[in-house]
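Novice: Sequence:
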Amino acid sequence: MIISTTENIGKSYEVIGLVKGTTVNSKNIGKDIGASFKTIIGGEIKGYTEMINEAQDQAVARMAAEAERLGADAIVCMRFATSSVMQSASEITAYGTAVKYV
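1 is the number of the first residue of the sequence shown in this note's numbering; add one for each residue after it.
No lab work stands behind these hints, which were simulated from the structure alone. Some hints here could point you the wrong way.
As the list claims (entries may be wrong) - Restraint-style ranges between C-beta atoms, simulated for each label pair: (1) Glu91 <-> Ala65: 13 to 21 angstroms; (2) Cys77 <-> Ile52: 17 to 25 angstroms; (3) Gln87 <-> Val15: 15 to 23 angstroms; (4) Arg79 <-> Glu54: 12 to 20 angstroms; (5) Lys46 <-> Glu7: 31 to 39 angstroms; (6) Ser84 <-> Gly43: 17 to 25 angstroms; (7) Leu70 <-> Glu44: 35 to 43 angstroms; (8) Glu14 <-> Thr49: 17 to 25 angstroms; (9) Ala61 <-> Ser12: 35 to 43 angstroms; (10) Arg69 <-> Glu44: 35 to 43 angstroms.
What the hints assert, rightly or not - Simulated pairs of lysine to any residue, SDA-like, Cα-Cα distance not exceeding 20 angstroms: (11) Lys20 <-> Thr82; (12) Lys20 <-> Asn53; (13) Lys20 <-> Ile3; (14) Lys20 <-> Leu70; (15) Lys100 <-> Ile2; (16) Lys46 <-> Asn25; (17) Lys20 <-> Lys46; (18) Lys46 <-> Gln87; (19) Lys100 <-> Gly17; (20) Lys20 <-> Met78; (21) Lys46 <-> Ser26; (22) Lys20 <-> Asp57; (23) Lys100 <-> Thr6; (24) Lys100 <-> Glu66.
These numbers were taken from a predicted model, which means no experiment stands behind them. A virtual CB, placed ideally from N, CA and C, is assigned to each residue, including glycine.
Could you build the full structure based on these sequences and the hints that come with them?
Specialist: This is the structure we're talking about:
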């Protein structure tokens, strides 16, 4: 399935509708303690970077699965949204427009 951040994918299509995938992820207490020390000296907090990357992948997979259930061939105008739902937990939503080739 083509997933694009743009509207033009080089094919004609009809719009099916909005599709989305959401996940809320957190790291364990050990990672949180390590991250606390890292904020003192500065630099990338790799555990959290990995968590966000994994969450994005999971959200995209859920969005694509919803599009497939609707019979879509592609998703256009895909975006991410994120928020902090509690300390050390992040919500990631992937959303876009499911389309069917004509």
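Novice: Is 17 to 25 angstroms respected by the C-beta to C-beta distance linking Ser84 and Gly43?
Specialist: For Gly43 against Ser84, whose Cβ atoms are near 21 angstroms apart, the range 17 to 25 angstroms holds.
Novice: With a cut-off of 20 angstroms on the C-alpha distance, tell me whether Lys46 and Gln87 pass.
Specialist: At roughly 17 angstroms apart (the allowed maximum being 20 angstroms), Gln87 and Lys46 satisfy the hint.
Novice: Can you confirm whether the C-alpha distance between Lys46 and Asn25 stays at or below 20 angstroms?
Specialist: Roughly 15 angstroms between the alpha carbons, so the hint for Lys46 and Asn25 holds.
Novice: Given the hint that Lys46 pairs with Ser26, test it: the Cα-Cα distance must not exceed 20 angstroms.
Specialist: Since the Cα atoms of Lys46 and Ser26 sit roughly 13 angstroms apart, the hinted pair holds (cutoff 20 angstroms).
Novice: Would you mind confirming whether the straight-line C-alpha gap from Lys20 to Met78 stays at or under 20 angstroms?
Specialist: Roughly 9 angstroms between the alpha carbons, so the hint for Lys20 and Met78 holds.
Novice: Holds or violated: Lys100 and Glu66, Cα atoms, limit 20 angstroms.
Specialist: 13 angstroms, holds
Novice: Does the alpha-carbon distance linking Lys100 and Thr6 stay inside the 20 angstroms limit?
Specialist: 15 angstroms, holds
Novice: Cβ-Cβ distance between Glu91 and Ala65: within 13 to 21 angstroms?
Specialist: Distance hint for Glu91, Ala65 holds at roughly 18 angstroms.
Novice: Return holds or violated for the Cβ distance of Cys77 and Ile52 against the range 17 to 25 angstroms.
Specialist: 22 angstroms, holds
Novice: If you draw a straight line from the CA of Lys20 to the CA of Leu70, is it 20 angstroms or shorter?
Specialist: 12 angstroms, holds
Novice: For the hint 15 to 23 angstroms, verify it against the beta carbon of Gln87 and that of Val15.
Specialist: This hint is violated: roughly 39 angstroms between Cβ atoms.
Novice: Can the restraint linking Lys100 and Ile2 be considered satisfied, given a maximum Cα separation of 20 angstroms?
Specialist: Holds. Lys100 to Ile2 sits at ~11 angstroms (cutoff 20 angstroms).
Going through the hint list in order, the structure does not satisfy hints 3, 8, 9 and 17.
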